[in-house]
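*Asks:* Given these sequences and hints, build the entire structure.
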Amino acid sequence: MVAVTAPWLLLLGEFDWTAGVSQTTAIALAVAVVIIFGGFLVVFTLLATWKGFSGVVERMLAFLPGKLGVVGLRFFASFVSALAILNSPRKHLALVALSAPIWFCEFLVYLLVSYSFDLGSHFESAGVYLLAVALLTATSNLATGIPSAIGGIGPFEVVAQQTLVALGVGVGVAVDYALVVHLVALWLPVNVVGLAILWKQNLNLRQLTSAPDTEPGDQSASDPSEGSPAANSSPAGGG
Numbered sequence: 001m002v003a004v005t006a007p008w009l010l011l012l013g014e015f016d017w018t019a020g021v022s023q024t025t026a027i028a029l030a031v032a033v034v035i036i037f038g039g040f041l042v043v044f045t046l047l048a049t050w051k052g053f054s055g056v057v058e059r060m061l062a063f064l065p066g067k068l069g070v071v072g073l074r075f076f077a078s079f080v081s082a083l084a085i086l087n088s089p090r091k092h093l094a095l096v097a098l099s100a101p102i103w104f105c106e107f108l109v110y111l112l113v114s115y116s117f118d119l120g121s122h123f124e125s126a127g128v129y130l131l132a133v134a135l136l137t138a139t140s141n142l143a144t145g146i147p148s149a150i151g152g153i154g155p156f157e158v159v160a161q162q163t164l165v166a167l168g169v170g171v172g173v174a175v176d177y178a179l180v181v182h183l184v185a186l187w188l189p190v191n192v193v194g195l196a197i198l199w200k201q202n203l204n205l206r207q208l209t210s211a212p213d214t215e216p217g218d219q220s221a222s223d224p225s226e227g228s229p230a231a232n233s234s235p236a237g238g239g
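The sequence shown begins at 1 in full-length UniProt numbering and counts up by one.
No lab work stands behind these hints, which were simulated from the structure alone.
All C-beta atoms, glycine included, are put in the ideal place defined by N, C-alpha and C.
Among the hints, erroneous ones may be present.
Stated by the list, open to error - Simulated DEER-style distance windows between Cβ atoms:
| no. | residue 1 | residue 2 | range |
| --- | --- | --- | --- |
| 1 | V165 | G127 | 20 to 28 Å |
| 2 | L188 | G145 | 18 to 26 Å |
| 3 | A77 | S116 | 30 to 38 Å |
| 4 | A185 | R206 | 26 to 34 Å |
| 5 | S148 | R59 | 30 to 38 Å |
*Replies:* Right, dumping it as structure tokens:
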């Protein structure tokens, strides 16, 4: 979504820092954004589909010293396995099709909250306004991938606020909007519903986070009769 909305907003000169930038420079920046995101897509596809390419990266990581190399290889293996869906174009398209309604619903949440803050008045047309909200949806969600407090609190607000400021929205309005859309519209409802489900099922957080005492395949612990003298003796030898 960033690769689609950011170039258009650059070309339209909606970012404050592009006020003194020529049209040629804006086009060059827009093309650069597309190339960068396209490059990432190509690299991810090669990692998922071409073992030779991932092997080169693994050999490079092997040169890292000590535990750093071990951790790097472990993280890389996990990352590549997560890209396995790219091996199947059909599954990839199905994933995109199934996730599109979710993204659209979240976009509507951002849009409704922005309407209450009258953010549309900061943009020259409805089309630009929708592009700005779409960019905001993408950048703030990407920020939640940064390790931080629970629920992405912190990076979400900073990135959302900075995105709005870059688009010409005042700092105060941007901060208020970021807090409301994250904590009130996104974070609070999900957590309230989650707590209600825990209460209904008579569960607590300790039960959810504690590890089970036995492994699922450990039959000796799950069957109390196994290993007892009564179970090991036959009826004929009981006299």
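*Asks:* State for each hint whether it applies.
*Replies:* Consistency of the hints with the structure:
1. V165 - G127: 20 to 28 Å: holds (21 Å)
2. L188 - G145: 18 to 26 Å: holds (21 Å)
3. A77 - S116: 30 to 38 Å: violated (46 Å)
4. A185 - R206: 26 to 34 Å: Taking Cβ atoms as reference, A185 and R206 lie about 29 Å apart, which means the hint holds.
5. S148 - R59: 30 to 38 Å: holds (33 Å)
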